[in-house]
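Two chains, each in its own frame: build the complex with the hints.
Respectively, the protein sequence lines represent chains D and Y.
In terms of the working numbering, the first sequence has 86 at position 86, counting the first letter as 1, and numbering is strictly consecutive.
For the working numbering, count along the second sequence from 1 and bump the result up by 318.
Some clues are possibly wrong.
Below, computed lysine-lysine pairings styled on DSS-like, alpha-carbon distance capped at 30 Å [stated by the list, open to error]:
#1 Y:Lys357 with D:Lys117
#2 D:Lys117 with D:Lys229
#3 Y:Lys384 with Y:Lys424
#4 Y:Lys399 with Y:Lys424
#5 D:Lys156 with Y:Lys399
#6 D:Lys47 with D:Lys117
Covered stretches of chain Y, going by a simulated chain D footprint (3 or more residues, C-beta under 8 Å) [what the hints assert, rightly or not]:
#7 409 to 419
#8 448 to 456
#9 496 to 505
#10 559 to 565
#11 582 to 596
#12 599 to 606
What the hints contain is simulated information worked out from the structure, not anything from laboratory work.
Just so it is clear, the structure is predicted and the values come from calculations on it, not from any experiment.
Quick reminder that beta carbons are idealized off the backbone N, C-alpha and C, glycines included.
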Amino acid sequence: MRRIVYSVPVLVIASFFVFWGIRTTYDPTAKFRASRDSARIIAAKRKELGLDKTIIAQWWTWFTHFLQGNLGVSDRTNDRVWGMLTHAMWPSLQLMFWGTMFALVIAIAVGVYSAVKQYSIGDYAFTGISYIGIAMPTFLFGLLAISLLVTLPVTKFHLTHPYLYSVGLHSSGKSGFNIDYLRHLVLPVLTLTVQSVAVWSRFQRASMLDVLHADYVRTARAKGVPRRKVIFRHAFRNALIPLVTVVALDSAFLIGGLVITEQIFSISGMGQLFLFSLTGGDAPVLLGWFLVVAVFVIVFNLLADLMYGVLDPRIRIS
Amino acid sequence: MTTSSPETMAAAELALPPGAEPVARSNWQLFRRRFFRHKLAVLSIIVLFFLILVCFGASWLAPFPKNQTNLLITPGGPSAKHWFGTNEVGQDLLTQVMYGGQISLKIGLAVAFFSTVVGVVVGAMAGFYGGWIDQGLSRGTDLFLIVPELAILGVAIQRLGRSDNSFIIVLAALGWMYVARVVRGQVLSIKQKEFVEAARASGASGTRIVVRHILPNCIGPIMVNATLAIAAAVIAESTLTYLGLGLQPPATSWGILLNQAESAVTETSKFYLVFFPGAFLVLTVLAVNFLGDGLRDAFDPQSEHGSK
Numbered sequence: 001m002r003r004i005v006y007s008v009p010v011l012v013i014a015s016f017f018v019f020w021g022i023r024t025t026y027d028p029t030a031k032f033r034a035s036r037d038s039a040r041i042i043a044a045k046r047k048e049l050g051l052d053k054t055i056i057a058q059w060w061t062w063f064t065h066f067l068q069g070n071l072g073v074s075d076r077t078n079d080r081v082w083g084m085l086t087h088a089m090w091p092s093l094q095l096m097f098w099g100t101m102f103a104l105v106i107a108i109a110v111g112v113y114s115a116v117k118q119y120s121i122g123d124y125a126f127t128g129i130s131y132i133g134i135a136m137p138t139f140l141f142g143l144l145a146i147s148l149l150v151t152l153p154v155t156k157f158h159l160t161h162p163y164l165y166s167v168g169l170h171s172s173g174k175s176g177f178n179i180d181y182l183r184h185l186v187l188p189v190l191t192l193t194v195q196s197v198a199v200w201s202r203f204q205r206a207s208m209l210d211v212l213h214a215d216y217v218r219t220a221r222a223k224g225v226p227r228r229k230v231i232f233r234h235a236f237r238n239a240l241i242p243l244v245t246v247v248a249l250d251s252a253f254l255i256g257g258l259v260i261t262e263q264i265f266s267i268s269g270m271g272q273l274f275l276f277s278l279t280g281g282d283a284p285v286l287l288g289w290f291l292v293v294a295v296f297v298i299v300f301n302l303l304a305d306l307m308y309g310v311l312d313p314r315i316r317i318s
Numbered sequence: 319m320t321t322s323s324p325e326t327m328a329a330a331e332l333a334l335p336p337g338a339e340p341v342a343r344s345n346w347q348l349f350r351r352r353f354f355r356h357k358l359a360v361l362s363i364i365v366l367f368f369l370i371l372v373c374f375g376a377s378w379l380a381p382f383p384k385n386q387t388n389l390l391i392t393p394g395g396p397s398a399k400h401w402f403g404t405n406e407v408g409q410d411l412l413t414q415v416m417y418g419g420q421i422s423l424k425i426g427l428a429v430a431f432f433s434t435v436v437g438v439v440v441g442a443m444a445g446f447y448g449g450w451i452d453q454g455l456s457r458g459t460d461l462f463l464i465v466p467e468l469a470i471l472g473v474a475i476q477r478l479g480r481s482d483n484s485f486i487i488v489l490a491a492l493g494w495m496y497v498a499r500v501v502r503g504q505v506l507s508i509k510q511k512e513f514v515e516a517a518r519a520s521g522a523s524g525t526r527i528v529v530r531h532i533l534p535n536c537i538g539p540i541m542v543n544a545t546l547a548i549a550a551a552v553i554a555e556s557t558l559t560y561l562g563l564g565l566q567p568p569a570t571s572w573g574i575l576l577n578q579a580e581s582a583v584t585e586t587s588k589f590y591l592v593f594f595p596g597a598f599l600v601l602t603v604l605a606v607n608f609l610g611d612g613l614r615d616a617f618d619p620q621s622e623h624g625s626k
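Chain Y with its partners taken away, still in its complex shape (with noise of 0.2 Å):
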């Protein structure tokens, strides 16, 4: 058993002058060695940063301009001008699917920072204080649970305006709820535990046991949550935008993009309109739980490896 256990790290922690911390880098190379390990979470992590260079890089990647339309070519399929084939007013695909990543990962990204910046700050006061922080967190989560959330997310963006900010400020308005449940969670068990007892006793106020001791023991089940909120979001705004409620053109999307291949659908030889942004959308979903899988395994010692 290597030096990782939450009890030795604030002993040493306490033991140790400030500014020496050789126990917390030797946590981060051991999460290192056990994140490298899981083959899919590695290979996630390429393919993540890749769709995020080629996207946020589309305005010097992309081969045609944004929204470029052009009605004097045949809309066709993939071929070595346009490699994802062209649409029925003659756009790149590639290009429009490039820069719809761009709002689609903006959104995704956003929401998983905001909801859980805000939900690890009201699920750490509600585990840590309790009392009316407590109570209106758990009936406040009730009331949404019993109303389906692609419904609640519907007449929210009809109310705010249809753009990318208010899918940002409203899936993380829905979102924040479940990190502070589950972080609320960890913190009342690790609460219970003696070494932030031993913290307490020697003097270190609520807000310090809190943000030293306890937050930094539930980061795993927050990266997690916080990877889910990724894929979440991202779907949201597809599945929204592709029933009309959404996005709207000139703004570009996956979304949008799966919105107007609806002629492909009928159409067998235009099956590429839906193929293309569907499997940039199916790819980034399924990149970022893959992460969470790794981060799961990585930040949890106990977890054994190779169990799914």
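Just chain D, same shape as in the assembly (with noise of 0.2 Å):
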């Protein structure tokens, strides 16, 4: 509940610098500066925008819109930017939702594996893998996915389509979740994630150590209980916990990673919206996408917290 409390505070003063940062970055009447008779036009344009008023009113009018449901209409296409909002964050939600299910299923495997067989060859493997990873930036990974695991193929068998595809999120004139979707889905999600795999694993790995070397643990094979059973009964549920904290934690990193996926695999969601208004000088849709992401990543948090709490029953007491 304080967090909570906590939370509603660091919203609004994010808001008013990110509403500083980026009204004093773009001057939405720069595109009538080479009308004729444009010190007219700018100043009554000025006038309707509010922008003779100071930064912090201009702020407050803005915020008191969003309160409600109001962002205003973007300077490049005239849409309401809630709606472009909305339509964007489909794809998006899509991506998060497999890659974060996808990176949590194989970095909990690896982890596991190289914490119970620790210093096996497999260990040394997945190691070795992880530095490779956390080394490899998200865009470079996606480049080299696509060279290797597209194009190649089709030079190399001649095919008329690739096995795995790397533009948008389905065929056109498909839709729905199928086979062409699942092919669609492959290279940005491991190009999304390739970086979270790597650090969660290696969390992964560290945790689960620590629970294997803590003394109930111990105390339960000397009671008899076997291996395997202590593993997966005892150990592998606790030492879950604190990948949870990390996985939330990284919820913000994971949505800069969608910036470049989205735009390397043509996928029209939140990402690719940001690069289009950021390079098109698009103020209202910027301040309304970084609003809607603060949002979102203070809701995962949030979210991480009670789960925390219900897994952990240590910390629901205090």
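Laid out in structure tokens, this is it:
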């Protein structure tokens, strides 16, 4: 509860800084500068948009409008910002959902395996791979994946359609959950999660090792519980708890990854909307984007806190 | 157990006349011993020195002048004359990678330096004095945790201009907070130790306690974070430049070379355009990360060797 109360002022203050940063970067009257009688038009426009007021007053107008569900219209397309954002959210949520699921399953499996078989060949191999994964920038992995997994098979086997697609989430005219969707999904999800898988698996390995060396695990073994049962019943469940926090804290990082992934794989989601708005100088959309993303990250962190309390009774009490 | 614990160090320092520091020297020897046992870290140092030498010595070492185009030759893969091949406008890729590394490495090193200096100063003050600096630091960093760094970076670079110096300023402005948080935590725990109390009792000023007694004990985490900052800055620059939001030609960086290599993605024969700049980028980040691991083990006497 205290966390929820605390995150509201954080959001409000952050929104002010974002507003200030973007308002002073982009001049919405710039496009009228070349027109005839520009001074008069710009002056009128400034009055209409309220740019003659102080930055705090402008921010307050914008923020109260937001609370009423009105984020204004885009400078570029004159569409309603809220509509553009909700439209872009759906593909991004799909990527985030599959990405998080995929990364969690792989990271937990690899982490637990590496911890249980510490210093085995498999452990060293996964360690080496994860070091490369951590050192691999997201966009570079995307480029390599397209070259090696899409273009190379096409040239080599003279295919008319690649095995895995690198554009969009569906072939034109198709939709829904089917094999076509999955063939589109594989590469973006891999690209989005390569860093998360590497980092989370290292983390899971460390937390599993901690638990395996805990007293209650030794007690269980001494009591004669079979090793396999101790690992999965006693150790595994407790080793998952710290990962929850890490995954939640990484949600902002994952959205940064969306910007890169969606650009490389031409998926029209939040990431691409951000890039288009940034290069097009579309301040209203950028402002709305930052706000929606910030709310999303805060909600995600709160959910993690709640889950943490459910999973770990010691925290619930304190 | 050797004489490296902070308590004995501080005690020895109080007993000795100023200027004589035998304990500090033996610490350095211990550090060196532990660091050189870490083979990957030693290899990383060599690789990094090599990269810095090759990139910053490009003016003397590069086979062709910077950005020299040659439209008469057919662009092609690696050959005896062009080790890394040539790109669409006939630029020698090896030359471009070397000059590109100058910018990428310069940004990485400068960001690590500035964010470490600012982070250590603010973090130490927040941890030692507490009060409004501490409050401001925690609340301030909370603001930045809820928005993706890439997005802040993108907007800030458009605002400050798309040059390598804006990258250094913005990345350092974002990066110092991590260092400050780490240093603050370290200072908070070391502040409680007896040797700090002893120093205070013998009349040392606050600044002297921080600089002489507390910060030397935080050197490990500080150095590790500095290496992480190099890696993060190099990746951030190349990512933003690749997306077309960062540096622009005629400047050259590994990000620019990868941005120009877009055509390689659709033609298998041009894969080398992605491979060479990409390999240098990954090699740099890998080496820096291993260096950080080596430093962590070397600075921390308690860490068991081999537990990665």
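Hint-by-hint comparison with the structure:
Note on Lys357 of chain Y and Lys117 of chain D: the hinted pairing holds, with a Cα-Cα distance of about 23 Å set against a maximum of 30 Å. Of the supplied pair hints, the one linking Lys117 of chain D and Lys229 of chain D holds, its CA atoms being roughly 15 Å apart against a limit of 30 Å. With a C-alpha separation of about 17 Å, the suggested pair Lys384 of chain Y and Lys424 of chain Y falls inside the 30 Å cut-off, and the hint holds. Taking the CA atoms of Lys399 of chain Y and Lys424 of chain Y, the gap is about 28 Å. The hint holds against a cut of 30 Å.
The suggested pairing of Lys156 of chain D with Lys399 of chain Y holds, with an alpha-carbon distance near 28 Å, which does not exceed 30 Å. For the hint pairing Lys47 of chain D with Lys117 of chain D, the CA-to-CA distance comes to about 69 Å; that exceeds 30 Å, so the pair is violated. Residues of the region 409 to 419 of chain Y with a Cβ under 8 Å from some Cβ of chain D number 0, which does not satisfy the need for three, so the listed coverage is violated. Look at the region 448 to 456 of chain Y against chain D: 0 of its residues bring a Cβ nearer than 8 Å to a Cβ of that chain, fewer than three, so the hint is violated.
With a threshold of 8 Å between beta carbons, the proposed coverage of the region 496 to 505 of chain Y by chain D is violated, since 0 of its residues qualify and at least three are required. By the rule of at least three residues with a Cβ nearer than 8 Å to a Cβ of chain D, the coverage given for the region 559 to 565 of chain Y holds, with 4 such residues. Counting residues of the region 582 to 596 of chain Y whose beta-carbon sits less than 8 Å from any beta-carbon of chain D gives 8, enough to reach three: the coverage restraint holds. Remark: the region 599 to 606 of chain Y is confirmed as covered by chain D, as 4 of its residues place a Cβ nearer than 8 Å to a Cβ of that chain, reaching the required three.
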